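*Asks:* What follows is the residue order along each chain.
Number of protein chains: 2
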Amino acid sequence: MAPSAVPREIIQSPSDYPGVESKAVATSHQNGSPQIDSSERIDKSLGEFRCLIADLTEQFKGGHPGGAMGMAAIGVSLWKYVMKYSPENPNFFNRDRFVLSNGHTCLFQYSFLHLTGYKNMTLDQLKSYHSSRIDSICPGHPEIEHDGIEVTTGPLGQGVANAVGLAMATKHLGATYNKPGFPLVSNMTYCMIGDACLQEGVALESIQLAGHWKLNNLVIMYDNNQVTCDGSVDLCNTEDVNAKMRACGWDVIDIEDGCFDVEGIIAALVKAKANKERPTFINVRTVIGIGSKVQGDAKAHGAAFGVEGVADIKRKFGMDPEQHFSISEDTYEFFRDGKSKGRQIETEWNDLVQKYATEYPNEHSEFQKRVRGEMTEDWSKLIPAKSEFPTTPTPSRKSAGLVCNPIAAEMQSMMVGTADLSPSVNMIWKGKVDFQNPDLRTTCGINGDYSGRYIHWGIREHAMASISNGLAAFNKGTILPVTSTFFMFYIYAAPGVRMGALQHLQCIHIATHDSIGTGEDGPTHQPIALPALYRAMPNLLYIRPCDSEEVAGAFISALQAKNTPSIISLSRQNLEQYPAYSSRDGVQKGAYVFIEEENADVTLIGVGAEMIFAVRTRDVLREKFGIRARVVSFPCQRIFDAQPIEYKRDVLRYRSNAPRVAIEAYAVNGWERYADAGYSMSTFGHSLPGAAAYKYFGFDENKIAPKVAELVEEVKKDGIEALRGEFRDLNEGPR
Amino acid sequence: MAPSAVPREIIQSPSDYPGVESKAVATSHQNGSPQIDSSERIDKSLGEFRCLIADLTEQFKGGHPGGAMGMAAIGVSLWKYVMKYSPENPNFFNRDRFVLSNGHTCLFQYSFLHLTGYKNMTLDQLKSYHSSRIDSICPGHPEIEHDGIEVTTGPLGQGVANAVGLAMATKHLGATYNKPGFPLVSNMTYCMIGDACLQEGVALESIQLAGHWKLNNLVIMYDNNQVTCDGSVDLCNTEDVNAKMRACGWDVIDIEDGCFDVEGIIAALVKAKANKERPTFINVRTVIGIGSKVQGDAKAHGAAFGVEGVADIKRKFGMDPEQHFSISEDTYEFFRDGKSKGRQIETEWNDLVQKYATEYPNEHSEFQKRVRGEMTEDWSKLIPAKSEFPTTPTPSRKSAGLVCNPIAAEMQSMMVGTADLSPSVNMIWKGKVDFQNPDLRTTCGINGDYSGRYIHWGIREHAMASISNGLAAFNKGTILPVTSTFFMFYIYAAPGVRMGALQHLQCIHIATHDSIGTGEDGPTHQPIALPALYRAMPNLLYIRPCDSEEVAGAFISALQAKNTPSIISLSRQNLEQYPAYSSRDGVQKGAYVFIEEENADVTLIGVGAEMIFAVRTRDVLREKFGIRARVVSFPCQRIFDAQPIEYKRDVLRYRSNAPRVAIEAYAVNGWERYADAGYSMSTFGHSLPGAAAYKYFGFDENKIAPKVAELVEEVKKDGIEALRGEFRDLNEGPR
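These protein sequence lines map, in sequence, to chains A and B. 1 is the number of the first residue of the first sequence in this note's numbering; add one for each residue after it. 1001 is the number of the first residue of the second sequence in this note's numbering; add one for each residue after it.
Each hint should be verified, as a subset may be incorrect.
Here are the computed distance ranges between Cβ atoms for each label pair [to be verified]:
(1) A:ASP439 - B:GLU1329: 29 to 35 Å
(2) B:ASP1320 - A:THR392: 30 to 36 Å
(3) B:PRO1734 - A:SER365: 37 to 43 Å
Cross-link-like lysine to any residue pairs, in silico, SDA-like; alpha carbons within 25 Å at most [stated by the list, open to error]:
(4) A:LYS717 - B:TYR1647
(5) B:LYS1707 - A:TYR654
(6) B:LYS1624 - B:LYS1703
(7) A:LYS430 - B:VAL1294
Just so you know, these hints were derived from the structure itself, not from any lab. Since the model is a prediction, treat every value here as computed from it, not as a measurement. The beta carbon of each residue, even a glycine, is placed where N, CA and C say it ideally should be.
Produce the complete structure using the sequences and hints provided.
*Replies:* Here is the structure:
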């Protein structure tokens, strides 16, 4: 896209900055439009802010100064004039949410948190950016753990999705608890993006959804500096972004001089907040590294300016080149009302909640639970007893419905969605209402409204996971997102699933069709390597239950993991049920003895949909080879790893002479920790009916048993030591 | 989006179908517009085609009939009237490419391949769809291995990206080899999509790029049936798709009655082919499962119709319900000219190439190499000798530039791109020219044209990988794509990388900043679990070299792997160089002895950027603990696994009493196969300068050595057997 305006030249005296005229000094809110301070005062803050950024990147010769400097006027507009927040209570429930999707410009946010008085964000802390200080709260990208940061960003596009989730949460909670005169949940979500976020697919998916849902409480501010690492954005993007956003159902406002036109930005933000119909995209033309000799150039993006460069910037902004990290008392004073305004906003809200408590005591009681992040129902009572499950072969995706549907029906905090696989994933409960813009009832005959808790994500797995992170991040425990699609397509969602794990956000991912047993859809749909990613991922539970009882156990684990997302991996096809062996409590230990055998010659590890091969191989070994095998069920490696060593030794018989064989139709990688041999997959799958696919790849007890018998023979002959460090792949593959 | 036209009712007599008027029977091409057959003849073929699809899904009670039936008129327009192809030579170089991005409708493509006479696609083969037949060439989604299939599709959105790559390939080869009067490479690419492909981020990224590059040889045909698994598309998408496509730089043509209006579809396709400016999006309004009782409903999407349902469809189309898989001789005859037209097209092209050989002998010689998929240069001579590498610490991303830049400069088949990280990944060679639409020279001052071989992908990792699959799939070996970004962001690209591995497409992925040593960018940018995915992925080489010499080895492996994509995993930070130990030949074996020690007490496995900790730990063990350690370098597990057992035993000393410790700052998962203990990461990373990050997580020889010494002591005391099956995690994590 061609620049919409030539950036104005930086000139010597800050009072000469064009685009901002003198205004009254008062900043009280009138009719939603804040009164704006004098241009001198604003310009001074902009100049000092930009020099501070230059100093902070210069000290350790690194970081991302250019974007933060270019966006200064946007920051002043937000933190000084528009956003509702409370520096003394960063987690104030009804605060406006701010997401920095272009997270590498984090100094932008940190510096405004400092100026507006967030307690921990001292100047000393700002200086810890890019330092070796372990106690730094100024990491290279914003992290959710720190006050004033709503979500961890950095991987581009994620923040857009998170912001959509945050805005959904407001809409949903508002529709659920607000009453006439009681706008309990009414905050805005502001998302700052750079050029990159308009290129990443996850953002493009999320933008579609926000337009579809008419999230009018969402504002994207586009730092349109037309520069990325490689240079001009024209190198790789020349679309008409405004037209595209309109086509996606957004309103668009242009700001020509985004480096200085605070008044214009404020007006746009006020208009966006007043928009009753659509989300707003504010296209703000800025200049990267404004005031530096490399302004407008990719060189301003990701490197410090050098000592002379910084001095030059300071001279441009009328500041003393010898002064470093210098914020005047005037500028601190300028931002000081952030705290008092925050206290006032909080008081007003608390009063509102008090009155609500009187008028709507039941709703208030539930609302308070939500605010505290407590679940509204005791889910443990809602999970079926083992005796309630079918005993005939059942797909575990069906079992998951039996377990999850009653919880979803009752538990108001659960929002369940699917990437267009409602008929396959069984997550619809009786009486579910869709999360939708209620206008669709008239325009398209779609039944739903914002209070609905069933989400049609469309065929957008990545957005599904990343927006769900935003839902979960709104307020810890207030919303528990449940996503669903075929397991294979969690490879599309992987960047979002990972960000959820990194941020300690509870979310349950229902991953069906999790094996070659999926069948005819073929290798494109049959996961082989993906489990290795999720089993290795820190702070994630990948749980693969073998029958309905274990599915119950998987949900118990996932529901209890308040700071950890889970993937529950489920079959398309019918699975044998093992009421005599399977145990939900066993799942809580990651692995457990499924079928004991005192003087076993071998331990077979069965997992999920392939448990049947372990159990049947045991039978064949006994009947045809006179070999005694015990069976261990192993639904979750991460949970097992956390068990006491004694338990682990007991289950796996670490020092016995009986070898252990893991049987699973995935790549074996990682099982080597628990087994001496594996019967697994070393290639991609094949398009065949499920049972035929298993057979084709050698998953057949009559093929497995002889291989295990050979191994047992070898151990008897050469001793168990022969297996140390020489893991055996027993499956010879398709024949 | 609201339907643009109410679908016309299916009526009893096929000759009454509206929308197609009788035309002359001749089908010869005039002025680019084919003459069209009589409506009776066309309607008969449409009806028979639709009944065939219904029969094929009914026989095994499964599959996806609805889309294929709805798209029949599009297929007739393409295969009968518009597309250039040769059934007797499916790999004819200048054929038009057809990509079925909505791959679940594969019966659509299979059936047209059958009707137009692709040798292997017999009626018997069509009937193998969803059967247990191992020899089936009709898998549940199209697979590249079979004649007439350009790329494997199924995971939605991928096909759009692949089609963009195929169209790029044509543009690039045309710009490189075509001469006035010699349009050697001039084919079109047609991509069929469903509603889902307009939701998946990878498609949205690719659509942006195609518009940016003005790929006027690319046509997307949108099977706009407004139905997905969950029901109406309105559930999750209400954007103005035409306006969006125009904003992305595409021309748009609407077809109101896509079920029957063959004439209109042909006219649109002809217009698209004549478009000199932009890619074309043909928005074809269709009715899913047309002719069935569930037409227009999600029920027609992914299930057979039942015996009565099929009979009913046949009655609707005037066919005998008792006849199954019935194609009349008339209809076979209708498509029979496909072969003769194909022979003619081939002959004309071969003649053209012959004349070209005379006029441009040098270009012809190179062109022939490209057609045969041979590399244009002997790359092995272009790789620097060990002695040419720096001996001082060097980032391996820099070493990769030293190795790859000279090859890229010379080898015309190599197309190198980056997801906006040109300054970081070092893949620019002197004199590189960008792949760009040359118009940008005047409009934006961007230097490049279609003959350029350097690709600015923008911040679109997923599209980068998936479009690269299309580049590689154009003709085996003709183009070797090289992609690049930070390793962490290959998690965005993972679905594309996987599809490349599944399709045996050679592609080299340059993954820099591959460790916690990346530093300040923090945990969002520091990979921990991702290597586990790529090490487990079939047919993929994940290679992590430790210094420049090993980088050379990694490229040798990757360049030799003609049927396998590779990821070369590289450091941001300086790495020690080991000219005395490191070996490019060693890399070809996956792992090799780096520092031998005859009576070693322990084997340390060093990998990539963390080799330094293995080497230094060896020193500390000797100096402070009197322990003799040998060091193995282990750049690629998959290559090592393919070595003879004797070699593996030799390198890892399988049966010695010396334990093996893998040292790597990733999740340890998978190393258990090769080691008895690991010094690794069990959490996400931390934002600290690289060296400080390593230290924070215990990567420090003075912390590692005592842990290894303890292990050695234990083994001396309890014997090596004590370690069997009880893998030790030696790193206690951050302290």
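*Asks:* State for each hint whether it applies.
*Replies:* Status of the hints after comparison with the structure:
no. : hint                             : in the structure
1   : A:ASP439 - B:GLU1329: 29 to 35 Å : violated (54 Å)
2   : B:ASP1320 - A:THR392: 30 to 36 Å : violated (40 Å)
3   : B:PRO1734 - A:SER365: 37 to 43 Å : holds (42 Å)
4   : A:LYS717 - B:TYR1647             : holds (24 Å)
5   : B:LYS1707 - A:TYR654             : holds (22 Å)
6   : B:LYS1624 - B:LYS1703            : holds (12 Å)
7   : A:LYS430 - B:VAL1294             : holds (24 Å)
Comparing the model with each numbered hint stated earlier shows that hints 1 and 2 do not hold.
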